[in-house]
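Peer 1: So you can see what is in the structure, the chains are spelled out below.
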Amino acid sequence: MIRFENVGLRYGTGTEVLRDVSFTLAPGSYHFLTGASGAGKSSLLKLMYLAHRPSRGLITLLGRDVARLKRTELPALRRQIGVVFQDFQLLDHLSALDNVALPLRMAGVAEDDAMEHCVEILKWVGLGNHLQAKPSTLSGGQQQRVAIARAVINRPRLLLADEPTGNVDDGIGMRLLYLFEELYKLGTTVVIATHNEALIRRFDHPHLHLDQGRLHLLSGAAA
Amino acid sequence: MLLRKQYDVPLARDPSSRFLVWITLLMSYLAALALAGALLVGEMAARWDSGLAGGLTVQIAPLPGRTDVPPLTARVEAALTVLRATPGVTRADPLGTDDAARLLEPWLGPDAAKDPSLPVPRLIDVVTDGTVDTPQLARRLESAAPGATLDDHAAWLADLRAFARSVVLAALGIVAVVSGAAVLAVVFAVRAGLAIHHNVVQLLHLMGATDRYVSRQFESHVLGLSLRGGLAGVALAAATLLGLQHAAEGLRASLLPDMNMAPWQWATLLVVPAAAALLAVGTARATVLRTLEALP
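In the order they appear, the protein sequences are chains Y and B.
Mapping the first sequence onto this note's numbering, position 153 (from 1) lands on 153, and the numbers just tick up by one.
Mapping the second sequence onto this note's numbering, position 140 (from 1) lands on 140, and the numbers just tick up by one.
Just so you know, the hints here were simulated from the structure itself, not pulled from any lab data.
Keep in mind that the hints are not guaranteed to be accurate.
Claimed, not checked - Okay, the calculated beta carbon distance ranges per label pair:
1. Y/W124 to B/A286: 56 to 62 Å
2. B/Q265 to Y/R53: 56 to 62 Å
3. Y/T60 to B/E293: 23 to 29 Å
4. B/A274 to Y/T60: 45 to 51 Å
5. B/F188 to Y/L131: 54 to 60 Å
6. B/V177 to Y/S37: 44 to 50 Å
Glycine residues also receive a C-beta, built at the ideal position from the N, C-alpha and C atoms.
My request is simple: use the sequences and hints to build the entire structure.
Peer 2: In structure tokens:
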């Protein structure tokens, strides 16, 4: 379960980029997070993947009250959250295979098992022929799929994606959203931040809508 | 993990990598030379110490112009009688005039001791089992053989021990300074690495990497660099020591200590790269963990 209660976020001494955000997401749910550029979508996701602590309010992630967690407990919680970053954030010096293997290595999975899983998942996203390719040699769509494979390799309980369709054409965008759909069906809680309303209208999932840092519209999510 | 060839953080390409190898090489070179110096002087002091401990020297002055004392030869005999009757003395051998001449030769020339006008004292070399009451023996010798003095080498040995201690302390000081400089170099290199690869470190952190996972990347990196630099530094120090050893062999009546190192002493020098590597790894770990504490 994910719960935000009156959460506010400001960077430094600036104005609040998120104000009084409250919502609850049930485990195994699928939500789109919509809003114009600068509405606070990325900031909300950053709070969800623990890149920032809120300036105020309470956040419960996967049943844990984030404010009460010790610093040493955070890595284990983070490993249960898969993130597809807007700019992919692949490591250029590593192959696609090694990029995908990162979460497994961090979790201490044996190297042989990790490689087996990584090959399998890269085939699943259609990159079976690019296992040893460096990110710089892959197209935007291929990099996107490596980033998704990395985000889901260790079966996260929560999957967050920041504009995953932003750098690809609608056809590939649809295919990516269907990939997330498959994970959702396996029980993963999915939150996709996007401003591509046309694409998400094809899916019957609730929306969280952000406007100037406030959560204005809730469709199908508990307030 | 420590032996993985490719790391998540691409540290191998950093300019600080080459810098760290050279710094470690120089530091290990200096530390190895200091350690070798301490080992050689310590060995020399121990050799002289064991050679002189338990030994006494009796010197009987000629006393020219004194008519109230027996002649020198008679006083030597009297002193030998006293010595041989003293419990604890295992041997007392008078040095002949030829022996005295050999001792004086480096300072006065080959024929000086044969000059009758030169008042050359007679010496008796005494070996004891270490239980002799030296002050009492000195009084008995003076009484039996006027002009006799007893030297137990205590002052000389004390000076020698103090010198050896000073050399060892100086070597330790050099090692401490060198270690401090090496620690600073590693801190600088690791901080530079953390700054250059801030985005990668941040990404690993957000993906759930523990601080130790990240620090191990840096530890492996500096372990390889410091071992390379350390071994090269010791090899260079070994070449320097062999060169000095060769140069010292060419000197006659050398005042230098024996520069030949025993196999165990050569092996001891290998402590330097091992210590450098341990120090580097520990420093890298502490630096990374301390820096990562600032992340949420």
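Peer 1: Hint by hint, say whether it matches the structure.
Peer 2: Hints, verified against the model:
1. Y/W124 to B/A286: 56 to 62 Å: violated (42 Å)
2. B/Q265 to Y/R53: 56 to 62 Å: The hinted range 56 to 62 Å holds for B/Q265 and Y/R53, with Cβ atoms some 58 Å apart.
3. Y/T60 to B/E293: 23 to 29 Å: Cβ of Y/T60 to Cβ of B/E293: about 25 Å, so the range 23 to 29 Å holds.
4. B/A274 to Y/T60: 45 to 51 Å: Since B/A274 and Y/T60 have Cβ atoms about 50 Å apart, the given range 45 to 51 Å holds.
5. B/F188 to Y/L131: 54 to 60 Å: At roughly 38 Å between Cβ atoms, Y/L131 and B/F188 fall outside 54 to 60 Å, so the hint is violated.
6. B/V177 to Y/S37: 44 to 50 Å: For B/V177 and Y/S37 the Cβ distance comes to about 57 Å; the hint is violated.
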